[in-house]
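Same order as they appear, the protein sequences are chains D and L.
For the first sequence, the numbering used here gives the first residue as 19, with consecutive numbering after it.
For the second sequence, the numbering used here gives the first residue as 210, with consecutive numbering after it.
Note that these hints are calculated values from the structure, not bench results.
One should not assume that every hint holds.
Stated by the list, open to error - Covered by chain D, according to a simulated footprint, are these stretches of chain L (three or more residues, beta-carbon under 8 Å):
| # | segment |
| --- | --- |
| 1 | 262-276 |
| 2 | 285-293 |
| 3 | 296-310 |
| 4 | 322-336 |
By construction, the Cβ of each residue, glycine as well, lies at the ideal position given by its N, Cα and C atoms.
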Amino acid sequence: MRRQLRSELTKLTTTPTLAVVLVALVGLAALAVTLHAVGLSTSRLATRPDQRGIFIDVAINLGALFAALLGALSITAEIRSGTIRPTFLATPRRGTVIRAKALSVFAAGVLVGLVATGTVAGVGWVALDLRGLTIRLTASDYAQLLAGGALGGGLLAVVGLAIGTVLRAQVPSLVTLFAWLLFVENLLMDLPKVHRFVPGALAQALAGANRDGALHTPGLAAALLAAYTVVTLAAATAATSRRDVA
Amino acid sequence: MSDTPPVVAVEGLTKRYGGQAVVDDLTFTLDRGQITGFLGPNGAGKSTTLRILLGLASPSGGTAHVLGLPFAELADPAGTVGAVLESGDFHPARSGRDHLRVLALAAGIDPVRVDEALETVELTGMGRRPVRTYSLGMRQRLGLAAALLGDPRLLVLDEPINGLDPAGVHWLRAFLRTYADEGGTVLVSSHVLAEVTQTVDRVLIINRGRLVTDQPIGDFAQDGSLENTYLALTTAATA
Numbered sequence: 019m020r021r022q023l024r025s026e027l028t029k030l031t032t033t034p035t036l037a038v039v040l041v042a043l044v045g046l047a048a049l050a051v052t053l054h055a056v057g058l059s060t061s062r063l064a065t066r067p068d069q070r071g072i073f074i075d076v077a078i079n080l081g082a083l084f085a086a087l088l089g090a091l092s093i094t095a096e097i098r099s100g101t102i103r104p105t106f107l108a109t110p111r112r113g114t115v116i117r118a119k120a121l122s123v124f125a126a127g128v129l130v131g132l133v134a135t136g137t138v139a140g141v142g143w144v145a146l147d148l149r150g151l152t153i154r155l156t157a158s159d160y161a162q163l164l165a166g167g168a169l170g171g172g173l174l175a176v177v178g179l180a181i182g183t184v185l186r187a188q189v190p191s192l193v194t195l196f197a198w199l200l201f202v203e204n205l206l207m208d209l210p211k212v213h214r215f216v217p218g219a220l221a222q223a224l225a226g227a228n229r230d231g232a233l234h235t236p237g238l239a240a241a242l243l244a245a246y247t248v249v250t251l252a253a254a255t256a257a258t259s260r261r262d263v264a
Numbered sequence: 210m211s212d213t214p215p216v217v218a219v220e221g222l223t224k225r226y227g228g229q230a231v232v233d234d235l236t237f238t239l240d241r242g243q244i245t246g247f248l249g250p251n252g253a254g255k256s257t258t259l260r261i262l263l264g265l266a267s268p269s270g271g272t273a274h275v276l277g278l279p280f281a282e283l284a285d286p287a288g289t290v291g292a293v294l295e296s297g298d299f300h301p302a303r304s305g306r307d308h309l310r311v312l313a314l315a316a317g318i319d320p321v322r323v324d325e326a327l328e329t330v331e332l333t334g335m336g337r338r339p340v341r342t343y344s345l346g347m348r349q350r351l352g353l354a355a356a357l358l359g360d361p362r363l364l365v366l367d368e369p370i371n372g373l374d375p376a377g378v379h380w381l382r383a384f385l386r387t388y389a390d391e392g393g394t395v396l397v398s399s400h401v402l403a404e405v406t407q408t409v410d411r412v413l414i415i416n417r418g419r420l421v422t423d424q425p426i427g428d429f430a431q432d433g434s435l436e437n438t439y440l441a442l443t444t445a446a447t448a
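From just these sequences and the hints, can you work out the full model?
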């Protein structure tokens, strides 16, 4: 397992994919939080809950999406390029491969989460300050934003890996993740009692979200998101163990 | 009589997709030190057979064993079998050297083997460039380097000559001969019958999933009779 993990981490660091994802994320996160900070009226940016809410919303929406994409890519890119064949020849026990991928994408997802939340916190601070607003987030708000973003990123990367493993094809996997996280979860905001249990909302709850459609106990949110991760990963392992590789 | 299992033992191997048998009751064994050609028309079941042997696909019936075991149960798969199945199983943005490093790490192979394997296939100079800059022949050689990393006893090669220039073909032929003379076993599938005649010790011809011949290459003279036999067997069986 340790050998496979080192192999999987090396896969992540020997192509430009991770770097490209992080650069795109920084750009988008900076743009999104700046647009919020300059576009919204000051009455919606003045209080601590307002500011926290925007930072969490932007950072976690982007961080969760990019983490899930990275997770999916770690398997779909192998299938698409054909390297899944040498991977399974070197390690015929496919469960080992999937578990090692899960650990490596968890680490990458933590990094994605930190980059998303760090960028939003930093750029958001500057943007609000330039607008003459007092930043009302406390140190513990920032800590929860970063830690929650990191954990949420890690877990959602594993969910992305599971989706990619089950669907196998790259475009359907990425479209499914986009459609769910950006579209379906958005629609479900009209049903807050349901919405608070969807993965994106759970990731927001981890980071301290304090609105109707989010759980107010980060511990419970973490447990639920971890449960989703375990279940989807088990399904992915079962699917991949039985399938033929072309 | 030796108790050592044959290097490859395929027995009654069958694979069905839908109701259709693409491999149909296939039986053959391979012994040490032999180069065996695996021939057949497109769709005959060669690739499917190789994938089942390598644990990439599961059989509908029968068995395919390496040294008496299914591939997935080998204690050291990469140290036992090296395989090249497609000429393009690489991430285009990853360097050849990193591709080998990734596999060596997973298989627990000494990292020094990476540079040794690159040198064996004469790719040392290109090792640090991304694979998308490689010609087809270079990709074939990189695939072979990956197969050789674990210093395996069995090489399984699917169309390895595809994309090699005459010097490359000559090199591969000499390499496989030395490898077999030193006790290695080779199963090579190919469409290039003239090359097969020069390289292999034995010929298996498969058509529509069934083995239609298993003969030493010596049975075929250098005059094209392998081609005549191949065409006769693979068209007769479809009649």
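Determine which of the earlier numbered hints do not hold for this structure and return their numbers in increasing order. Result: hint 4 breaks, nothing else.
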